[in-house]
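Okay, here's what each chain looks like letter by letter:
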Amino acid sequence: MADADPDFLAAHLLRGVRVASTVIATTILVGLALPNVLGALDAYRPAWLVLAWFAVLLAVALVDGVLVLRRRSWGPARWPVAAMILAVSGAALTAVPGPQLVTPADPILGTVGWLGVLLFADRSIRLLAAFLACSPVLTLVYVGFADRLDQPTIARLLLATVSIGGFQLAAGAAAMALRRVAAEASAAAVRQSEIRTAEAVAAQLHADRDGRYEALRDSVVPLLTGMADGSLRPADPGVRQRCAVEAARMRRLFAEADDTADPLGSALAAVIDVAERRGVVVSLSRLGRWVQPPGDVRGMLVDEVAAALLSADGSARVTIGGSEETVAVSVVVERGDVEGGIRDRGDVHITTLTEGDRVWVEARWTRVPAPVS
Amino acid sequence: MDQGPGTSVVIIDDHPAIVSGVAAWCAAADPPIRVVDTGDRLAVACAGPGRSADVVVFDLRLRPGPPAFRELQQLTDAGRRVVVYSQHDDAGTVLQCLELGAATYLTKAEGKEHLIPAVRAVAADRPYAAPALSGAMAVDRSPGRPVLSDRERDVLIAWFESDSKSLVAERLYLSVKTVETYIGRVRVKYANAGRPATTKAALVARALQDGLIELDEL
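Protein chains in written order, with this note's numbering: chain A, 621 to 993; chain B, 1183 to 1400.
Treat the hints as calculated values from the structure; they're not laboratory data.
Just so we're clear, the structure is a prediction, and the values are computed from it rather than from any experiment.
Built from N, CA and C at the ideal position, the CB exists for glycine as well.
Hints are not guaranteed to be accurate.
Unchecked claim - Listed below are several chain A residues computed to face chain B (Cβ distance under 7 Å; list not exhaustive): (1) 937; (2) 939; (3) 982.
Unchecked claim - Cβ pair distances, simulated, as ranges: (4) A/807 - B/1354: 55 to 63 Å; (5) A/853 - B/1397: 54 to 62 Å; (6) B/1199 - A/838: 15 to 23 Å; (7) A/933 - B/1245: 35 to 43 Å; (8) A/853 - B/1212: 20 to 28 Å; (9) B/1375 - A/916: 38 to 46 Å; (10) A/955 - B/1299: 19 to 27 Å; (11) A/931 - B/1272: 25 to 33 Å.
The whole structure should be built from the sequences, with the hints applied where relevant.
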């Protein structure tokens, strides 16, 4: 849960908005602009300029549809695309004869803005507003050049800008509001899932601890009662072995109580646990505070101890100790089956000594590799 | 000082099982060590037969709660040779006991191997440092600690890890005798540091006498 994509909810919600925007833009293009263009085709000088304009806008709407299907955003490509739309729109305006400007036969003013909604609704409302303003400004400039700045034209321009632009701006604002809500919902969902994870971890830790104490009760209590009522004799080597195993487990349990920030110590404890189940009596001693090695090094250190410990028979002594720069794990086993020698595995320096049946393995890792001595 | 042949001890521990275990080791030792008194209070070492014991085997946790440092200090102030025998194995507690003048420190896990040799060494004012104590001295970072050479620290760490002087000797290409000398010398350095105590002075005097250290090293 911890690696859940925080944008998942936002992406899910915004996809609906994008699908709607794309459908609106395509519908306006095909259902509104196209009939107007075709109806006034004879009036345009030249007609192909307006048809090209329409083709470019339709192409942008289609590409947007593909992006929506693929769950991708325009990204930085939005800038050249926006510039291209404005350029072809400006060019197409010159093909519209003066009397037709800002009438149904002039589809440019009312249509361009919808493409802006497609391009900028996932960015900011200011960008969108700026883009929406471009189309009336272009028209105004061209109307001025065409010397048609008469009252009815200005009135139509204002009316069209406010009504159509307001529509487009509202659609963009709705998308952005939804995006903010979605982001907040995502963050809340992540927070909730983090809390759930923390709770699950705490419950698991508690259960583990309970389980360990349970296991102790199951094994220690019968042993103690047996010795108290005389059914188990301390002189019996078997009973003594059991006592030693239980004592080692209890000591380790006490040592584990404060090791939550010590993954190396925990990993070592787990290996010791396995060895104890095989009947090896393990004593664990800790010395000082040690630097925590990276995960792969930790695995190597524990592996070396495990190899010796799990080949052992009888009793074993495990130590872990170090400083700010170094950490060493060591195990001495009786009747172990390990070859002697000195070797290096990566940054881990391993020394193995044998003396009769006794084997001593030390694996040491130093943060900055020490000069060879 | 001797009330009879051999070494005598008094055992202060609140666990009857520990007391009988230590007593059994003492009885089985060759030559045997006499246990003159046992109990769970300091009084057994200060009055009665316990007063004359050569060595006090002292549990640092006489009752639930913090370690019994005050009682330890009372014993060392009275010039008693104390073997602290405790389940604590953290370096801080171990070093605190040395500072208070304990002759040596054994964890309960070390008792079987080290208690009898420790009692004998301590009775003769000779240094004794089992693995836990050696490790604590090696990682000591407190101000005013004795200066240890790298070699001394290597020996202490190896001794802490292996609990075998012959393995330490093999690892560091030394003789067992030299390993013992290194460990003993560090212990004496500690006796010569920090707050003075008669037990520490006795340890240093004996080390000089034995030639373990030279006067100009102090």
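What are the numbers of the hints that this structure violates, sorted from low to high? Per hint list: zero violations.
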